[in-house]
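K.L.:
The chain contents come next:
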Amino acid sequence: MKSDIKLFENGKRLDGRKPDELRNIKIEAGVLHRAEGSCYLEWGGNKVIAAVYGPREAIPRHTQNPLRAIVNAKYNMAAFSVEDRKRPGPDRRSREISKVISEALEKIILVEKFPRASIDVNIEVLDAEAGTRCAGLTAAAVALADAGIPMKDIPVSCAAGKIENQVVLDLGKEEDNYGDADLPVAISPRTGEILLLQMDGHLTQQEFDQALDMAIKGCHTVSEIQKKAIMEKYQSATEVE
Amino acid sequence: MSKEKREIVIPSQLLGEVKNKKAGRGTFVEEGKIYAEILGVLNDSSEYINVVPLKGRYDPIEKDFVIGVVDEAMASSWLVDINAAYPALLHVNEVPWDVDFGETEKYLNHGDCVMAKVLSVDQEKKLQITLKDRNLYKIRGGLMINVEPSKVPRIIGKKGSMISLLKKYTKCRIFVGQNGRIWIDGEEDGIKTVINTIKKIENESLSYGLTNKIEELLKKEAKDVE
Amino acid sequence: MTITPSIKRDFLAKLAENGKRADGRKFDDYRDIEIETNVISKAEGSARVKIGSTQVIAGIKMDIGEPYPDTPEEGVMTTAAELIPLASPDFESGPPREDAIELARVVDRGIRESKVIEVEKLCIEPGEKIWLVFIDIHIIDFDGNLFDAASLAALAALMTSTVPAERFELGDNYPLPLRTPPISCTSVKYNGAIVIDPALDEEEIAEARLTVATDENGDIRAMQKGLNGSFTVDEVKKVIKASIDNGKKLRENLYKSVGK
Chain L
1 MKSDIKLFEN
11 GKRLDGRKPD
21 ELRNIKIEAG
31 VLHRAEGSCY
41 LEWGGNKVIA
51 AVYGPREAIP
61 RHTQNPLRAI
71 VNAKYNMAAF
81 SVEDRKRPGP
91 DRRSREISKV
101 ISEALEKIIL
111 VEKFPRASID
121 VNIEVLDAEA
131 GTRCAGLTAA
141 AVALADAGIP
151 MKDIPVSCAA
161 GKIENQVVLD
171 LGKEEDNYGD
181 ADLPVAISPR
191 TGEILLLQMD
201 GHLTQQEFDQ
211 ALDMAIKGCH
221 TVSEIQKKAI
231 MEKYQSATEV
241 E
Chain F
1 MSKEKREIVI
11 PSQLLGEVKN
21 KKAGRGTFVE
31 EGKIYAEILG
41 VLNDSSEYIN
51 VVPLKGRYDP
61 IEKDFVIGVV
71 DEAMASSWLV
81 DINAAYPALL
91 HVNEVPWDVD
101 FGETEKYLNH
111 GDCVMAKVLS
121 VDQEKKLQIT
131 LKDRNLYKIR
141 GGLMINVEPS
151 KVPRIIGKKG
161 SMISLLKKYT
171 KCRIFVGQNG
181 RIWIDGEEDG
191 IKTVINTIKK
201 IENESLSYGL
211 TNKIEELLKK
221 EAKDVE
Chain D
1 MTITPSIKRD
11 FLAKLAENGK
21 RADGRKFDDY
31 RDIEIETNVI
41 SKAEGSARVK
51 IGSTQVIAGI
61 KMDIGEPYPD
71 TPEEGVMTTA
81 AELIPLASPD
91 FESGPPREDA
101 IELARVVDRG
111 IRESKVIEVE
121 KLCIEPGEKI
131 WLVFIDIHII
141 DFDGNLFDAA
151 SLAALAALMT
161 STVPAERFEL
171 GDNYPLPLRT
181 PPISCTSVKY
191 NGAIVIDPAL
201 DEEEIAEARL
211 TVATDENGDI
221 RAMQKGLNGS
231 FTVDEVKKVI
241 KASIDNGKKL
251 RENLYKSVGK
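Residue numbers (my numbering), protein chains in the order written: chain L, 1 to 241; chain F, 1 to 226; chain D, 1 to 260.
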């Protein structure tokens, strides 16, 4: 979509960020009473809440896998989370995002420990501002750790993109609408393995390498924030007498 | 008395190497290195490195005493919720009564609570419990509360020291299931004290000297009542 | 899914015989209530309400649409409620169950029938264009008494809503025109005891439930009885009195949080 909006002014982006700067992120673990694990996350203007139930016996029975747990991640946007009210209920976009997030999490959760079970992850976007799937997966990962689900790592997600021929980190709202490419990525920070990768727009091979590198670096920065949030919640549980 | 902090670890945290230590519960090994797989407390004192989970459902072990809540009565068995990832099966052969086929509802129904023992856990995590033991029975009266299964050892205490204190000062009957369910019966005030004390133990489970602290609190409360 | 142990039922019943509740409250006491407004930036109005551990978020969205043929100069409001799986191990994803539908309709009636929204002031072009007001209620943590939490959240959101005229180039934004809202209070009955603001375990064993919405004059504006038990006429009158008394307190709390 072309427009008169200039996304860059004097080397700074619309919201004043540098090309490789992340928006403000705030993460809080263990925020809900009923859920076994939960996380509230703010990322720029995004507000996301994630909750985990399980492992519990998978129902209906025909969905059970006798060798491992199935991971059901469900991503949903609240009707009031976007400028034009969204009709409640899953649409095709939500179902696709749910699928790629489920697949990313399946790789990292030690699913063989829970045959015939399901691990249910619910991601609710309360306020949306570009990059909701990255925010959602990042929150889901914290909720999973909070629930005591065994994992090989705490996955994390971040996007990079291209605006006015410049590769930038973590697209904001206008950049997402008027930019030239969007590349959300999720990794296992310990090994660097890529768990989620999507791209739309137009990138040369060189731009792609730059964007991927930038997104991965962004992931590592966000990973530190996730880990801090988990430690902060439970650190107070340890006391020195 | 040593004053080290009990260390909290998170999934993917590097804890040690196989050449120095053995990988215990709550850890996994990759390329000779031992990592934490859950959020929990690091236990590095013996030849094993273990991580004790902070949260999570009960992981059933054979011979554990548990408190179950009956979900469904079927023709010759019951399905019982024991706060694990899976429901447990209680077969008519594993109860102290003579139950005829199809008469299960006469003995145990949806919502009934039982003091049971884990009989078997198979490879597919199919669970069976039993009521055939002189300490096991259908529960009547009292109240049941839930705690994190990982806190149970602290609530029981070394050789039962903590739970004995609670029983002594509140004069309540208390039974702690390994699955994080606790049954309490007694006078209303006693029950309240037990519940508040258990909550306190849960919140401060990782601190040192907790048993003495709790004893002081209980003594004080008992004095206030007199 | 979640099973209520029979001994819990017995324990709560025994406490009730002595005029007590499990969490120490009196029969006509509410739990702590927190109301926070303007929590969702994309919404025209929003609020987060906590009653005890129950947590609800309501968002108001507005758009331009066509009026109903029989009310050509009135705006249109709709209310939807989602019991999202986040909030409880017993909520599943999928089309709204009857609980969600009943919840939405009861909250809707409380606002619609009392004409809380001045819909006659939401006309843009008679017969052609009016303002649509969408009230969306999202339950995010379920610990009993969704009716009151949802109702308060919807009202707090409406009372801090702005009509987005600028976005549609229809002049300046202005506050959503409203009348004084009625306040809804919910009670349940178990073992002969009637308690207000049921916590989760009280709801689990409740035989009957009664929600009463009252206005600032103590008049009754809406009622809904739920569950398959019954009330005597006396019990209904007791509930009405408790609802009027608590309604006053809730109203004060609500007004304070929206800055009135």
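Worth flagging that the hints you see were computed from the coordinates, not collected in a lab. Errors might be hidden in some of the hints.
[Claimed, not checked] Across the chosen pairs, the derived CB separations fall in these ranges:
hint, chain 1, residue 1, chain 2, residue 2, range
1, L, P19, F, E47, 35 to 41 Å
2, D, G171, L, R87, 24 to 30 Å
3, D, G171, L, R95, 48 to 54 Å
4, L, R95, F, A75, 19 to 25 Å
5, L, I194, F, N20, 44 to 50 Å
[What the hints assert, rightly or not] Reference excerpt, derived from the structure (chain L facing chain D, CB under 7 Å, subset only):
hint, residue
6, G30
7, L32
8, Y53
9, K74
10, R85
11, G179
12, G201
On a predicted model such as this, the values are computed, not experimentally measured, just so you know. A virtual CB, placed ideally from N, CA and C, is assigned to each residue, including glycine.
K.L.:
It remains to establish, for every hint, whether it holds in the given structure.
P.N.:
Evaluated hints:
1. L/P19 x F/E47: 35 to 41 Å: violated (51 Å)
2. D/G171 x L/R87: 24 to 30 Å: Given a distance of about 28 Å, which is inside 24 to 30 Å, the answer is holds.
3. D/G171 x L/R95: 48 to 54 Å: Hint violated: Cβ distance 40 Å, outside 48 to 54 Å.
4. L/R95 x F/A75: 19 to 25 Å: Given range 19 to 25 Å: violated, Cβ gap about 40 Å.
5. L/I194 x F/N20: 44 to 50 Å: Hint violated: Cβ distance 32 Å, outside 44 to 50 Å.
6. G30: violated (12 Å)
7. L32: Hint on L/L32: holds, closest Cβ of chain D at ~5 Å, below 7 Å.
8. Y53: holds (5 Å)
9. K74: holds (6 Å)
10. R85: holds (4 Å)
11. G179: With a minimum Cβ separation of about 20 Å from chain D (threshold 7 Å), the hint on L/G179 is violated.
12. G201: violated (24 Å)
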